[in-house]
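A.B. asks: Listed below are the residues making up each chain.
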Amino acid sequence: MSVHENTYDSTLGAYLLLLPTLAAIVAFLYYPSLQTLRFSFFQTFLFGQNTRFVGLENFTDLLGSQVYLTSVGLTMAFAVIVIIGSLVVGLLIAFLLYEVSDGKAAYLIAAIWPYALPTAVAGTVLLFLAHPSVGIYTHYLEAWFGVEFDWFTVGWQGFAVVAVAAVWKQVGYNVIFMLAALNNVPESLNEACRLDGIETWRRLVRVYVPLMSPTLVFLVVINTIYAFFGSFALIDLMTQGGPTNATNLMIYQLYRDAFQFNNLGLASAQSVILFVLVAGLTYVQLRVSDRYAQY
Amino acid sequence: MSLDTEDTTAGTRERELLSATTGTRWLPAQWRVHLGLIGSILVMASPLLLAFVMSTQTVPEVYEITNIGIGSDGITNYVEVFTTYGMGSYMINSLVMSIVVTAAKISVSLLAAVALVFYDFRFKNSIFFLILFTLMFPVPVRIVPLYEMMAALGWTNTLLALTGPYVASATAVFLLRQHFMSIPDSLVESAKIDGVGPLRFLWDVLIPMSRGMISGLSVITFIYAWNQYLWPLIVVSDQNKQVVQVGMKYLQSVGNAGQTDWGLIMAGAVLTLLPPLLALIVFRGPLLETFGLSE
Chain A
1 MSVHENTYDS
11 TLGAYLLLLP
21 TLAAIVAFLY
31 YPSLQTLRFS
41 FFQTFLFGQN
51 TRFVGLENFT
61 DLLGSQVYLT
71 SVGLTMAFAV
81 IVIIGSLVVG
91 LLIAFLLYEV
101 SDGKAAYLIA
111 AIWPYALPTA
121 VAGTVLLFLA
131 HPSVGIYTHY
141 LEAWFGVEFD
151 WFTVGWQGFA
161 VVAVAAVWKQ
171 VGYNVIFMLA
181 ALNNVPESLN
191 EACRLDGIET
201 WRRLVRVYVP
211 LMSPTLVFLV
221 VINTIYAFFG
231 SFALIDLMTQ
241 GGPTNATNLM
251 IYQLYRDAFQ
261 FNNLGLASAQ
271 SVILFVLVAG
281 LTYVQLRVSD
291 RYAQY
Chain B
296 MSLDTEDTTA
306 GTRERELLSA
316 TTGTRWLPAQ
326 WRVHLGLIGS
336 ILVMASPLLL
346 AFVMSTQTVP
356 EVYEITNIGI
366 GSDGITNYVE
376 VFTTYGMGSY
386 MINSLVMSIV
396 VTAAKISVSL
406 LAAVALVFYD
416 FRFKNSIFFL
426 ILFTLMFPVP
436 VRIVPLYEMM
446 AALGWTNTLL
456 ALTGPYVASA
466 TAVFLLRQHF
476 MSIPDSLVES
486 AKIDGVGPLR
496 FLWDVLIPMS
506 RGMISGLSVI
516 TFIYAWNQYL
526 WPLIVVSDQN
536 KQVVQVGMKY
546 LQSVGNAGQT
556 DWGLIMAGAV
566 LTLLPPLLAL
576 IVFRGPLLET
586 FGLSE
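In order, the protein sequence lines correspond to chains A and B. Counting from 1, one number per residue, gives the positions in the first sequence under the working numbering. Counting from 296, one number per residue, gives the positions in the second sequence under the working numbering.
The set of hints was computed from the structure by calculation and includes no laboratory data. Glycine included, every Cβ here is placed at the ideal spot set by N, Cα and C. A portion of the hints provided could be inaccurate.
To be verified - To be clear about the criterion: a stretch of chain A counts as covered by chain B if any three or more of its residues have a C-beta under 8 Å from a C-beta of chain B, and this derived list gives those stretches:
hint: 1; stretch: 27 to 34
hint: 2; stretch: 104 to 117
hint: 3; stretch: 171 to 182
hint: 4; stretch: 230 to 240
hint: 5; stretch: 262 to 270
hint: 6; stretch: 274 to 288
Whenever a hint applies, use it, and build me the whole structure from the sequences.
C.D. replies: Structure, rendered in structure tokens:
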């Protein structure tokens, strides 16, 4: 079972070493997750003091609610945009880093620093720079392109600003993993491409991307989870779900139902739906990759 | 990674092809790579550069939108945001939380990894799977019961609530396990023959041999903990105990006579970014190595 021939064979010892981890995952991960499922069958009132078993009513309420269904649709759109945006930008930057011959180390750190960027900082900084009345970005956008940019009232603009912030924050992470994958491309293959005179662009799309596919699959999964759960701070700081619910992503709706309206049962049902969606998407992504990725 | 291959290796035809495809069209290929990198790095860094410049400005200077010169409130803004507006104490709270999470997560995961690699016991694979599967339960999936649990334990507004849910880690256990598996069997054998117990083995052999991996994991965990927003927002209501990310939210309302003091808020954003950014820059070597990327 073990890769090591010589191992310690005290079962008790092993469990003692595992105890802190197991205690923590049971107490803070498995137990609350199961509780979430249980809560989702209850209705809560009076700040959670009273509960009543309602079966699947929370779920049927949610699936019958236009606001919630819109939130699900928005979250899907947001996820697709953020995944594609951060992967494409990440790939281009990773490829440039791979190709550059001088100053690689300096470029690398200058390109991946957003990995350390706190979401709350990304949100606050863009809230100010793109502010409809005092933002410098808004000023030049309107001056140069003659457009009206008021994302505090125009829904799709608010959505776009939050998506840009989310991509900005995620690019560093993707670049790190993509560059690691590119570095694993055998040098002989590069040599062959060069001798065949394959264009840079085609080399990236036809040769490198297929070779990187395991990493890309991993990144799609990670970026999906990030898009679903990681953008909360952006919305809370920049739009509070507005304008007119245009950035009311599922995570924000859940937060509002749980901690502003104290509707704990309904919020738990939303947690369950989020879990099922993300677990389902992860499963599908892994299945699809099994078929197409070249390991 | 120059595209101009040695003349001696390529024939005349190939050389012609190369110069035609790898771009003496208007710029040598490497120049275009440099331009692309500088361009994308500037785009990614510009919000922060602007935020930094504006963090030195007074309210009237900020409201003069196109003014991107260093302002006259540089030191004042930082001092004021640090002392009067509580960023100092938020940062200390964040620092304590991040250091405790990092130390606890690494220690607990080291013990678990030792058990998973150097012991033989029943259900080993199931337990490993159980630890890995926690990746599917991010905080939002279990947030309502987790909050209820903290309230029931009387842990709200304490360090225990801020750090407890982050102690168990699938990622850290996974990476340390991978790393330990690469340690030669002979070392374990001789340790056993010399009667060295598992904890001594961990302390004297494994930890010194895994310094790079442990520092890399520590930086990842520190940045991750420092950047948490949703959980502290919910579980800490006492402003004096709050962490710096949520402190950014409190800062949003700072201003006079309906004019937000954006200079001050940007100073807060810069301060919030500094610790994780410094950690990334100082420990970039082990960090990148942990991600499978060496400089």
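A.B. asks: The structure should be examined with respect to each hint, and the outcome stated for every one.
C.D. replies: Tested hints:
Check result for the stretch 27 to 34 of chain A against chain B: holds, 7 residues qualifying (beta carbon to beta carbon below 8 Å, three or more required). Residues of the stretch 104 to 117 of chain A lying with their CB closer than 8 Å to a CB of chain B number 13, which satisfies the three-residue condition for coverage. With 5 residues carrying a beta carbon less than 8 Å from a beta carbon of chain B, the stretch 171 to 182 of chain A meets the three-residue requirement, and the given coverage holds. Here's how the stretch 230 to 240 of chain A fares: 4 of its residues keep a CB closer than 8 Å to some CB of chain B, so the rule of at least three is met and the hint holds.
Here the stretch 262 to 270 of chain A counts 3 residues with a CB under 8 Å from a CB of chain B, which clears the bar of 3, and the coverage holds. Three residues within the 8 Å Cβ limit are the bar, and the stretch 274 to 288 of chain A against chain B gives 5, so the coverage statement holds.
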